[in-house]
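With chain A's structure known, arrange chain B on it following the hints.
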Amino acid sequence: MNARDKILASIAAGKPALAPLPYIGFAAESDVDLLGAEFIRVLASIGAIATNTTGLELIKEDLRQARLDGGCIVNTIPAIGTVDEEVNAESTAQFLERVEKVYVRGTIGVAENGAIWLSESDMINRLLPFICQHLVIVVDRQKVVANMHEAYGALSTRRQEGYGVFIAGPSRTADIEQSLVTGAHGARSVLVYLVSPETHF
Amino acid sequence: MTDHASLAAAFNKDELRVDWHDATLWQVRKKRDVAAASVPEWEQLRELASQIKEHTLSDLDRLLIQFEKNAQDNGMVVHWAADAREHNEIILRLIRSNHISRIVKSKSMLTEECHLNEFLAEKGIAVTDTDLGEYIVQLRQEPPSHIVLPAIHLKREDVSATFHKHLDTQKGNNDPSYLTAAARKTLRNKFVQSDLAITGINFAVAGTGAFVVCTNEGNADMGAHTAPLHIACMGIEKIIPKTEHLGVFLRLLARSATGQPITTYSSHFLKPRAGRQIHIVIVDNGRSRHLAKPDFRNALKCIRCAACLNTCPVYRRSGGHSYHSTVAGPIGAILNPNMEMRKNADLPFASTLCGSCSNVCPVKIDIHAQLWKWRQILATEGILPANKKRAMKGMAFIFSAPRLYRFAGKLGRITMRFLPFLIANKLWNPWYRQREMPQPPGRSFHSWWRNNRYERKR
Numbered sequence: 338m339n340a341r342d343k344i345l346a347s348i349a350a351g352k353p354a355l356a357p358l359p360y361i362g363f364a365a366e367s368d369v370d371l372l373g374a375e376f377i378r379v380l381a382s383i384g385a386i387a388t389n390t391t392g393l394e395l396i397k398e399d400l401r402q403a404r405l406d407g408g409c410i411v412n413t414i415p416a417i418g419t420v421d422e423e424v425n426a427e428s429t430a431q432f433l434e435r436v437e438k439v440y441v442r443g444t445i446g447v448a449e450n451g452a453i454w455l456s457e458s459d460m461i462n463r464l465l466p467f468i469c470q471h472l473v474i475v476v477d478r479q480k481v482v483a484n485m486h487e488a489y490g491a492l493s494t495r496r497q498e499g500y501g502v503f504i505a506g507p508s509r510t511a512d513i514e515q516s517l518v519t520g521a522h523g524a525r526s527v528l529v530y531l532v533s534p535e536t537h538f
Numbered sequence: 151m152t153d154h155a156s157l158a159a160a161f162n163k164d165e166l167r168v169d170w171h172d173a174t175l176w177q178v179r180k181k182r183d184v185a186a187a188s189v190p191e192w193e194q195l196r197e198l199a200s201q202i203k204e205h206t207l208s209d210l211d212r213l214l215i216q217f218e219k220n221a222q223d224n225g226m227v228v229h230w231a232a233d234a235r236e237h238n239e240i241i242l243r244l245i246r247s248n249h250i251s252r253i254v255k256s257k258s259m260l261t262e263e264c265h266l267n268e269f270l271a272e273k274g275i276a277v278t279d280t281d282l283g284e285y286i287v288q289l290r291q292e293p294p295s296h297i298v299l300p301a302i303h304l305k306r307e308d309v310s311a312t313f314h315k316h317l318d319t320q321k322g323n324n325d326p327s328y329l330t331a332a333a334r335k336t337l338r339n340k341f342v343q344s345d346l347a348i349t350g351i352n353f354a355v356a357g358t359g360a361f362v363v364c365t366n367e368g369n370a371d372m373g374a375h376t377a378p379l380h381i382a383c384m385g386i387e388k389i390i391p392k393t394e395h396l397g398v399f400l401r402l403l404a405r406s407a408t409g410q411p412i413t414t415y416s417s418h419f420l421k422p423r424a425g426r427q428i429h430i431v432i433v434d435n436g437r438s439r440h441l442a443k444p445d446f447r448n449a450l451k452c453i454r455c456a457a458c459l460n461t462c463p464v465y466r467r468s469g470g471h472s473y474h475s476t477v478a479g480p481i482g483a484i485l486n487p488n489m490e491m492r493k494n495a496d497l498p499f500a501s502t503l504c505g506s507c508s509n510v511c512p513v514k515i516d517i518h519a520q521l522w523k524w525r526q527i528l529a530t531e532g533i534l535p536a537n538k539k540r541a542m543k544g545m546a547f548i549f550s551a552p553r554l555y556r557f558a559g560k561l562g563r564i565t566m567r568f569l570p571f572l573i574a575n576k577l578w579n580p581w582y583r584q585r586e587m588p589q590p591p592g593r594s595f596h597s598w599w600r601n602n603r604y605e606r607k608r
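Protein sequences, first through last, are from chains A and B. The opening residue of the first sequence carries number 338 in the working numbering; numbering runs sequentially from there. The opening residue of the second sequence carries number 151 in the working numbering; numbering runs sequentially from there.
Treat the hints with caution; some may be incorrect.
Derived pair list, reagent style DSS-like, types lysine-lysine, alpha-carbon separation capped at 27 Å [unchecked claim]: (1) B:K443 <-> A:K343; (2) A:K352 <-> B:K443; (3) B:K219 <-> A:K343; (4) A:K343 <-> B:K543; (5) B:K305 <-> B:K273; (6) B:K493 <-> B:K443; (7) B:K219 <-> B:K523; (8) B:K340 <-> A:K352; (9) A:K480 <-> B:K538; (10) B:K305 <-> B:K163; (11) B:K163 <-> A:K352; (12) B:K392 <-> B:K340; (13) B:K392 <-> A:K480; (14) A:K343 <-> B:K493; (15) B:K538 <-> B:K576.
Bear in mind the hints are in silico, worked out from the structure with no lab data behind them.
Excised from the complex, chain A in its bound form:
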């Protein structure tokens, strides 16, 4: 018998009687202002910087300034400035290693934990939001939900992509004496723009 059959037979012989799957149902806050405020508060508590902004002008200016300051800047959001065409899904780590700052759209924000969903199509290259030194995420304020149940509910209505990630703040570690250090392997800083009113970008 091969390993697969052996394992499955062993499980079938030893498993308990079928137990029912529970129903998950929690009431969730839906007031956009309250959710936005909580989202920003939690992001600050996990070492990110988050700010409300009206329209995209502030972000466009941020990107313009970043490019003037020099360094390798990669924008993936057409609505805030030109998109850097040289980065694509196939870009290698050797190429992306020098990326200083990345601007990317977040699909959904989660108020309870500051997590933001990045889809593969938005990040263009899976490595990009990890290998860059600094990450700027732009989120529509209407897309902030209360908790993870709401987040998965919202994601279930979208087309499934090959990869996606919840990012909550900058990369961190406390492996040396439990003292918190940001910038372990991933982005050293995360800046979140919460955009209102509803803006298509």
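Relative to chain A, chain B alone:
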């Protein structure tokens, strides 16, 4: 001697270090309390998580088959390994057939359990552990001492000395930011050059074939998105039925582990990138045998948050290495005897049975009850340590003879009062070695009762 008590005694020699270890882990436990209290539905979440895992275990074979099919449809390759040796052989075959030489690995307790690094090292293949804590202990050629905080037994001076030796950092510079930055720089090069990334799996979703990996550092993703080949290893119990169940577990995991509201990165892998490969290795290694034991199968619900380690008064004061196993602490003390009962017969005794582990467990495993059940099995099997067996038999003899019991009590009280050195003696009283003796009472409860209550009742 390599049992828990003697290894703990060695750890206890440095009292300041023990106090620090104890206090630091208690801080983590307190952060967990704050995080848990911030979620009004916390107890409902624990109950839901326990029930979802209950269902999963009761339907595990079907869910694994469903997961395999969906993962294959998504372009991933699925392997099955009955034990650690098969797991290691599968990875070795993939390494050889893909001509791989540069391997980065993010934290995976399963690969530790299978001793993958040692196995590959024997074949001349080096693996770099990339989780900072695991990297530190790897450089020191030590096993991790905690499943979430692998280097919690070390102080910053230790890390500084290790990095000075291996990474050429400044001698005596103990600044955690400086040391972390040095590791970041070295490991970035390893990531960029890697041709294989090995990761663990936190949750595998049967309904979609996706798997989720949680890290704070971003090391799993740095490797997985760089190397052309990604091997993800999972125990059979990592399955959950549907995507919506991730909501429950991701709300519990990091809050229970470190008190964070969620890990920095919760990465969902559904399909490999074009031209890349993802291989999944599904490992049994004693788990299905565990599943067949009604008293103990609940332990397979574990999501490896380590809340039970952080809260355990014995773990905090004895250190992870005293458990001589990959998974230390209360959960390790119930998982390891299932793997090798004789070798781990000491572990169920490394507990006060206070129950704090069960109280903080996010999936409601009855940990302390299982510890107690293991003790009974070990006694029935006749593999108690000789001194425990003698003490138990002696106590049983005295407790079953009331006159003898009263006489022994009296003798004890008199000795403690007039000849205290006979009892408060580290040479022959192991209980006294790390504790103070209590003040002897003037009289026994029995005689108090006779004088105060017994008479009146008559």
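Are the Cα atoms of B:K219 and A:K343 separated by 27 Å or less?
Holds - the C-alpha atoms of A:K343 and B:K219 are around 18 Å apart, at most 27 Å.
Compare the distance between the alpha carbons of A:K343 and B:K493 with 27 Å, and conclude whether the hinted pair is satisfied.
Given pair A:K343, B:K493 holds - Cα atoms ~26 Å apart, limit 27 Å.
Holds or violated: are the alpha carbons of B:K163 and A:K352 at most 27 Å from each other?
Outside the cut-off at roughly 45 Å; violated.
Restraint check for A:K480 with B:K538, where alpha carbons must lie at most 27 Å apart:
violated, 61 Å
With the threshold set at 27 Å, check whether the alpha-carbon distance from B:K493 to B:K443 stays at or below it.
Roughly 19 Å between the alpha carbons, so the hint for B:K493 and B:K443 holds.
Would you mind confirming whether the straight-line C-alpha gap from B:K392 to B:K340 stays at or under 27 Å?
Not OK: B:K392 and B:K340 at ~35 Å, beyond 27 Å, violated.
Starting from B:K305, check that the Cα of B:K273 is at most 27 Å away, please.
Between B:K305 and B:K273 the Cα gap is close to 33 Å, so the pair fails against 27 Å, i.e. violated.
Check whether the Cα positions of B:K219 and B:K523 lie no farther apart than 27 Å.
violated, 38 Å
Between the alpha carbons of A:K343 and B:K543, is the straight-line distance 27 Å or under?
violated, 43 Å
Restraint status (C-alpha distance of B:K443 to A:K343 at most 27 Å):
holds, 18 Å
Next pair to validate is B:K305 with B:K163; report whether the Cα-Cα distance is within 27 Å.
holds, 16 Å
27 Å Cα cutoff - pair A:K352, B:K443
holds, 9 Å
Violated hints, listed in ascending order, are 4, 5, 7, 8, 9, 11, 12; each of the other numbered hints is respected by the structure.
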